[in-house]
Every structure is written in C-alpha cells, then in structure tokens.
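**Q** Each chain is listed here by its residues.
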Amino acid sequence: GNSVTQMEGPVTLSEEAFLTINCTYTATGYPSLFWYVQYPGEGLQLLLKATKADDKGSNKGFEATYRKETTSFHLEKGSVQVSDSAVYFCALILSRSSNFGNEKLTFGTGTRLTIIP
Amino acid sequence: DAGVIQSPRHEVTEMGQEVTLRCKPISGHDYLFWYRQTMMRGLELLIYFNNNVPIDDSGMPEDRFSAKMPNASFSTLKIQPSEPRDSAVYFCASTETGTLNNEQFFGPGTRLTVL
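First to last, the sequence lines map onto chains A and B.
Heads up: the first sequence begins at 1 in our numbering, then just goes up one per residue.
Heads up: the second sequence begins at 1 in our numbering, then just goes up one per residue.
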C-alpha cells in the first residue's frame, strides 16, 4: 500500500535557522506529493506540491524537490520565522492514471515546528 | 468563495448523546472528505463522497458513525451514541474533479469533546 513517513517531532529552532523536515514515501504508482501546513486552531492548507519526478514545489520561502530515486520530498527553508510555527504534513496522492478510487490523500503523521525568537 | 464551512466549531456533549457535525463544501467541488484528527492517531480519513455518493467508508470506525451527503452543498457526520474516545477534531475538505492532483481545501474543523 501507499505510505508516507515523516521526521518525528517536535522540532524547535531559533529564528533565522535553516529548516529541514524529512519525508519519504512508498507508493504503488506515480504519486503527486504535497506539503500541508496547519496553523494553531486552523484546518490544513496546502503549502506546496510537486506532480512529477525532479519537480520543485515552492511557496513562502519553503521548497521541496520530488526525488524519485530516493522516494523523498524533504521540506526546506533557509531562514525560519516565528510565524512558521505550525504542524507540517507530508502527503501523497496517486496520479489520475491509477484506478478509480485513488483520490485519497495519504498523510504522514505530521511534524510540529516551533520557532523561538 | 467563503471556503469550506463547518459547524459547530466546538461541541461538548455527554456520553450517549447523538452528535451531528455539518459541512458545506466549496461551490463546484464534487469531492467531499471527512477526517478525524487526534494526538494518538494523527489525521485519519473517515469517508469521502463524489457527486454526493459515498465512495470509500473504510475509515469509519464503527456503526456508531454515519455520514450523508443529501446534496452537493451539504454533508453531515453523525455519531450515535457518542463515547469519550470520539473526542477529536473533525475536518471536512473538498476538491474538484478533473485534476486529481489538485489540492484539498480544508474547513476550520469541529472540536468535539465527549464527557
């Protein structure tokens, strides 16, 4: 089956530090990959995505590159801010070429990030 | 668009009572998903609909849980009878067909506490 494995949290960093949150996946087909972010008291929202190998998703200073050879989609940011404190979820969905019924997102367990001023 | 709307935002009830959670998806979206989030189990997909028809309910924990989507703009998740272990945040999300690689839009969630 499909699965996503995320770096265990919580992660605590100082402001302006470099961030990496690791994500690896297992999939039976050709997945699209996502990072969702959940700010305190809110629902999840899409942060970035990549739909094929070697694609790089980016948004709000965050980046992640779809690495098929290592089945990874690590999230990075060069200089984090206090406002980046949130829970980050890596997720995958199989492509439309897969069988009907594969519209489900498979989520990782989430990584809680806290940025200290 | 107002986004996905969920109500109530908070619900506190006593064990054994019936609980109904409500969701209004984004207009034009034909997929609707119900999730449950707890500290112990993380984010779990309970059920999802396409064009108001349930496609996969394998995540529904037991017969006490039921979900309906009577029309394209409304869905309910009902728990009867409720138990303390049902305490969680329940999210509704929607998306549109045509691009299954597209994002799911999440509502703000309903925080359910069963005493």
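Quick caveat, the hints were computed from the structure, so don't treat them as lab data.
Predicted model, so just to flag it, every value in this text is computed and none were measured.
No residue lacks a Cβ here, since even glycine has one placed at the ideal position from N, Cα and C.
Hints should not be assumed to be uniformly reliable.
Output of the computed footprint for chain A on chain B, the stretches with three or more beta carbons under 8 Å from beta carbons of chain A [as the list claims (entries may be wrong)]:
1. 67-73
2. 76-84
Below are the DSBU-like pairs computed for lysine-lysine, each with C-alpha atoms no more than 35 Å apart in a straight line [what the hints assert, rightly or not]:
3. A:Lys104 x A:Lys52
4. B:Lys68 x B:Lys24
5. A:Lys77 x A:Lys52
6. A:Lys104 x A:Lys68
7. A:Lys60 x B:Lys24
8. A:Lys77 x A:Lys104
9. A:Lys104 x B:Lys78
10. A:Lys56 x A:Lys77
11. B:Lys68 x A:Lys56
12. B:Lys24 x A:Lys52
13. A:Lys68 x A:Lys56
14. A:Lys77 x A:Lys60
15. A:Lys104 x B:Lys24
16. B:Lys68 x A:Lys77
**Q** Now tell me, hint by hint, if it's right for this structure.
**A** Taking the hints in turn, this is what the structure says about them:
no.: 1; hint: 67-73; result: violated (count 0)
no.: 2; hint: 76-84; result: violated (count 0)
no.: 3; hint: A:Lys104 x A:Lys52; result: holds (18 Å)
no.: 4; hint: B:Lys68 x B:Lys24; result: holds (12 Å)
no.: 5; hint: A:Lys77 x A:Lys52; result: holds (21 Å)
no.: 6; hint: A:Lys104 x A:Lys68; result: holds (20 Å)
no.: 7; hint: A:Lys60 x B:Lys24; result: holds (29 Å)
no.: 8; hint: A:Lys77 x A:Lys104; result: holds (28 Å)
no.: 9; hint: A:Lys104 x B:Lys78; result: holds (21 Å)
no.: 10; hint: A:Lys56 x A:Lys77; result: holds (13 Å)
no.: 11; hint: B:Lys68 x A:Lys56; result: violated (38 Å)
no.: 12; hint: B:Lys24 x A:Lys52; result: holds (32 Å)
no.: 13; hint: A:Lys68 x A:Lys56; result: holds (12 Å)
no.: 14; hint: A:Lys77 x A:Lys60; result: holds (9 Å)
no.: 15; hint: A:Lys104 x B:Lys24; result: holds (19 Å)
no.: 16; hint: B:Lys68 x A:Lys77; result: violated (41 Å)
Checked against the numbered hints given earlier, the structure breaks hints 1, 2, 11 and 16 and satisfies all the rest.
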